[in-house]
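Q: Here are the chains, one letter per residue:
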Amino acid sequence: MEREQDNIINDITSGEYKYGFYTDIETEKIPKGLNEDTIRLISEKKGEPEWLLEFRLKSFRHWLTMKMPGWAHLKIPEIDFQDIIYYAAPKQEPAPESLDDIDPELKKTFDKLGIPLEEQKRLTGVVAVDAVMDSVSVKTTFKETLAELGIIFCSFSEAVREYPDLVKRYMGTVVPYTDNFFAALNSAVFSDGSFCYIPKGVRCPMELSTYFRINAANTGQFERTLLVADEESYVSYLEGCTAPMRDENQLHAAIVEIIAEKNASVKYSTVQNWYPGDREGRGGIFNFVTKRGICRGDNSKISWTQVETGSAITWKYPSCILRGDNSTGEFYSVAVTNNHQQADTGTKMIHIGKNTKSTIVSKGISAGHGQNSYRGLVKVLKNASNSRNFSQCDSLLLGDKCGAHTFPYLEVDNQTAIVEHEATTSKIGEDQIFYCNQRGISTEDAIGLIVNGYAREVLNKLPMEFAVEAQKLLQISLEGSVG
Amino acid sequence: MNGKSGVSDFFSRLYYENIGRIGESSTPIINSFRKEAIEKFNLLGVPTKKMESYKYTNLETFFRHDYQSYFIPEASHFRKAEEFRCDVTELDAHGIVLMNGFYPTINGKLRELPGGIIIGSLNAAARKYPDLIEKHYGKYARSDSDGLIHLNTAMVPDGVFIFVPRGSVPGKPVQVVNLVDSEQDTFDQHRKLIIVEENAECSLIICDHTMSPQRFLTNAVLEIHVAENSSFDLIRVQNEHNNACKVTHTFIHQERNSRVTSGIITLHGGLVRNNTYHRLNGEGADCNSYGLSLADKWQHIDNYVSVDHASPNCTSNQLFKGVFDDVSTGAFNGRIHVAPDAQGTVAYQKNNSILLTDQARMDTKPQLEIYADDVKCSHGATVGQLDNDALFYMQSRGIDKRQALLMLMFGFAHEVTRNLKVDALRERIDGLIMQRLRGELSQCASCMVKCV
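Chains as they are written, first to last, in the numbering used here: chain C, 1 to 483; chain L, 1001 to 1452.
No lab work stands behind these hints: they were computed from the structure. Glycine residues also receive a C-beta, built at the ideal position from the N, C-alpha and C atoms. Among the hints, erroneous ones may be present.
The following residues of chain C were derived to be distant from chain L, with all beta-carbon distances above 10 Å [said to hold, decoys possible]:
hint	residue
1	I39
2	G47
3	T178
4	V419
FRET-style restraints, in silico, Cβ to Cβ [what the hints assert, rightly or not]:
hint	chain 1	residue 1	chain 2	residue 2	range
5	C	G429	L	D1009	50 to 60 Å
6	C	P77	L	V1169	51 to 61 Å
7	L	S1396	C	G429	43 to 53 Å
Coverage of chain C stretches by chain L, computed from C-beta distances (three or more under 8 Å per stretch; other residues unrestricted) [stated by the list, open to error]:
hint	stretch
8	385-399
9	403-416
Extracted from the complex, chain C is given alone in its bound form (with noise of 0.2 Å):
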């Protein structure tokens, strides 16, 4: 029976990874290696205006003197900064004016991925999406519709020549270049992204999305979202992305700013599905990223809600700084580490403003040889008086020969703060599985169904487009992972 049970496990955790195609499509790109050259010239190609070069000569030789930091829980081999294309591009003619114009080739690859690049109305309701390959926005949809309503949703190099004081205004207000390693590198290198500006008291009608694809061999992917949410507007964002599969180790390293001013709200979801790498834990991404929103008015929120089930490494906290009075902060995860994955994901909360509130809720799961950490900071300020935080962290084991590790802080400096933090780690209990097939429902839909509900409170908080792809996702990593 046991056995049985093992085979069924391996059977679902071996689940193939459907996105690793290679896209054979003319790119663009620069010579590898890191110097000021490589700046100027990335500046170069993308036209940008001096003061945009400056910000990123002035972010690398910050860079230079920082040393890649060692704290997490992961193992991650050396990476040779100079061994990187740092630029991208599938070649097209200059901006394409329509449709037509694209590439047949890159629409197939969206295609092919479920990103519809036609502005076509779907049932379940509109999603504008901006499609970044490999460093380069290739097309933005719905554009229009949302201009109406005064909505700016574009490539970030467009924004850096069309809205240039809106740019200026809030780049690196939230992840300044000097925060850390990656976000360092990220400012200077950065190549596109996707720029959004909710203006006051709109509610934006569609979910907005940004898909991410690497496709050339021997790059890295370093873009950067910046997301501005005016006085009591709304939005909903969400962003996805995959990779072919390669040997080798792709380095992404991005930085995500999102500003919430008064009573703005502003979601954002994540289905994080980079190629994990093999079964022997060869090739996969490393996802490097800086996410980190701030609620600078007062009643703002933000909510992160990610579903990691890809990269080989995923190092990343998606942050909330609740400076605004009785502004909400929250994160919603979901990592699944498989074969040789590792995962050290979490949050930051930093309680500034009065009667804030933060909920953090974490579920790992962690199967085959996978390390699964979460580590997450609770800070609260002095001035933070009222301020409220519920933390829950579960990890669920499947297999006897990987990880789940717990690494919070909670740090509090007001009386009348109420910090709580609870974890659990365990197995999906054996009376558990022979109930199901008790009643007839199979060993590997019962842990399917187990794993589905044990990340129910997570998956909720996706948009429904994104849900459904969730649930789908979250079954392929875990195939064949229970016991």
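Got chain C sorted already, so can you dock chain L onto it with the hints?
A: Structure of chain L alone, referenced to chain C:
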């Protein structure tokens, strides 16, 4: 991320200036550890806040000071120790009084009690029972990161040795009173080695006191080996004045089916850092680790607990609570580590803290590191204040606010103390806690007239 403090050189120098004298009065076995240990200390140094496990405790405030170190005891000190009587009169225990880390009686340094139990000075034991010492000394107190453990091994002049032979069940607990007393600011090193053989039982009470108002820095290392089917209880009561800093490192090594309870009650002390390392080395071992911190003024109390589940089917339970008043600060750092084949582990960890004022501060870091799948591990941490509803309930029934607050705090603390196994002491500690919460104890502790 090695954090080596700049003050480390001061302590290295202290070693080289005094090692001749220390070595003379010590024994070859203990001396043989010193050289390697000081080399390790030179490498690691005094921990700083840069070190992950000392993130919330700044030792520098107490370590950066020109201490007059103390190595060779004088007769007058011994007299004081002889005169010392524990004020828990109803406590019936085999008592040892230590003065600045020394076993003060000149004669009878090694006592044999009924049941073959041996208590006495570490140096004397090393001469008489070299095999026992060789087998256990320095075997459990190991660390690759904390230099202070090595500093202790390098410089410790003497210590306490307790041996409970196979099958021995002493009716009474052993009480060790650590006194520090000096005319000058003093740096002390305490060391204890406790060996509990198979099927035996031992209960140990350690009391830490300061006798004079000088500035004291104490660095203590305890090594405890609990063999198969044995049981061991440790109660540590710390009551030192605000100008004293105490760093303790307790290593409890458990073999198969052994049971250990450890309780650290910190009533008072300027800066207290307790490191407790539990290693569950044999199947079916069980350990309970308790701690209670009561702090006010500018005191800082930090508990670091590591439970290492190295074998299958072991159980562990941690409960640490704290009440922080005035501008005091607290820290808790708990860690459960489950080794890859330690299946069937059940581990629990809980840390609750209450902040009484706006200036009090608590940092907590409960951690789980798990490499086996058939485990049940959970932890919880809370930081908050006393329950307003409960307070209201009591006030509405005619209990005045101050009394109600006291009762609530006492109830909060009692959850820890009720687990202590020595009845006489438990009542006494409850009494001390009540005194402490009323603020009476703090006045007495720093006062020289011992009227209590």
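Q: Could you run down the list of hints and mark each one as holding or not?
A: Here's how the hints hold up against the structure:
| no. | hint | in the structure |
| --- | --- | --- |
| 1 | I39 | 30 Å, holds |
| 2 | G47 | 43 Å, holds |
| 3 | T178 | 19 Å, holds |
| 4 | V419 | 4 Å, violated |
| 5 | C:G429 <-> L:D1009: 50 to 60 Å | 56 Å, holds |
| 6 | C:P77 <-> L:V1169: 51 to 61 Å | 56 Å, holds |
| 7 | L:S1396 <-> C:G429: 43 to 53 Å | 45 Å, holds |
| 8 | 385-399 | holds (count 4) |
| 9 | 403-416 | holds (count 14) |
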